[in-house]
Amino acid sequence: MIDALVELLQAFSEWPGAVVLRRVQLVYLLVNAAHIVSIGLVVGAIVSLDLRILGAFKGYPISVLGPPLSRIAAIGVVLAIATGLMLFSVRPIAYAQNTAFLVKVGLVGFGIINAVLLHRSRHWPIALSGGKIHRGVKVSAFLSITVWISAIIAGRWIGFL
Amino acid sequence: MTMNLFCRLLSGAMLTILVISGAAAHHGWSWAEADQLELKGVVRDIYIGPPHPTLDVETANDGLWRIELANPRQTERSGFVQGVAKVGDEITALGNRSSDPKEKRMKAVRITVGGKTFDIYPERIKTN
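Those protein sequences? They're chains A and B, same order as listed. Here the working numbering is used: the first residue of the first sequence is 1, the next is one more, and so on. Here the working numbering is used: the first residue of the second sequence is 162, the next is one more, and so on.
Bear in mind the hints are in silico, worked out from the structure with no lab data behind them. For clarity, every value in this text was computed on a predicted model and none was experimentally measured. It is possible that some hints are incorrect.
Under 8 Å between C-beta atoms, here's a sample of chain B residues computed to sit facing chain A [claimed, not checked]: (1) 210; (2) 211; (3) 233; (4) 234.
Here are some, though not all, of the chain B residues that point toward chain A, as calculated from beta-carbon distances under 8 Å [what the hints assert, rightly or not]: (5) 208; (6) 212; (7) 235.
For each residue, glycine too, the CB sits at the ideal point set by N, CA and C.
Let's have the full structure, built from the sequences with the hints guiding it.
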């Protein structure tokens, strides 16, 4: 089981993209920057929307802010995962043993599940149409801010272990 | 009331990030002792490339040590490139160890392997 996983990670570290990332520093630097930009999209958009849900910027309707901010955050998550996988492929086995990395992956997973559950909740369309913001929606927004910022802290921690 | 709580939460998180980024890991020398020491052992793992080149060295009587090198470009400039050392090679590392006595981690200024010397941080090598 563990052997199979190590083999898989080893194979991932040998794909041509990983080889280029290890050898050409400019490529690594650009992918690294793209990863940061993606994270910026996620946090910038989602924290704004979460704060609106929690009662800030009341003059701007959720029906207007919600769809574009959710979409930007979702695009950011997809790009962050794509660029993150590329960075991961440079040293997969080392990262897989890094506690901060594992915590970060768990937090990102939790953040995505939280967002999906909110979008599926029957309270979300009500909040989107300007109706009452259910307590569950607020809890989800609070979790969202906490989880995404924690994911960034865990991610930053990777290099310190 | 809730806004106030979130402002506090946010500023708390930001402060945490600032504190963490202030304490540089393999960057800088603040985490390492001022005195240099020499470590001898066998290479168990070698990684040259971004984000940070490292060596794992098995010493005779002090277990496995993590040797941090300079950033990829500077490590390359010292001549310590892919293929210069491999797993199983006898290696000597001169450098500054972590100021945490429990942590077997050193930032190398000079690596000697296969009769060749690589000055990673030439200006920091203390000659006595």
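Each hint, compared with the structure:
no.: 1; hint: 210; in the structure: holds (4 Å)
no.: 2; hint: 211; in the structure: holds (4 Å)
no.: 3; hint: 233; in the structure: holds (6 Å)
no.: 4; hint: 234; in the structure: holds (6 Å)
no.: 5; hint: 208; in the structure: holds (6 Å)
no.: 6; hint: 212; in the structure: holds (7 Å)
no.: 7; hint: 235; in the structure: violated (11 Å)
Violated hints amount to a single one, hint 7; each of the other numbered hints is respected by the structure.
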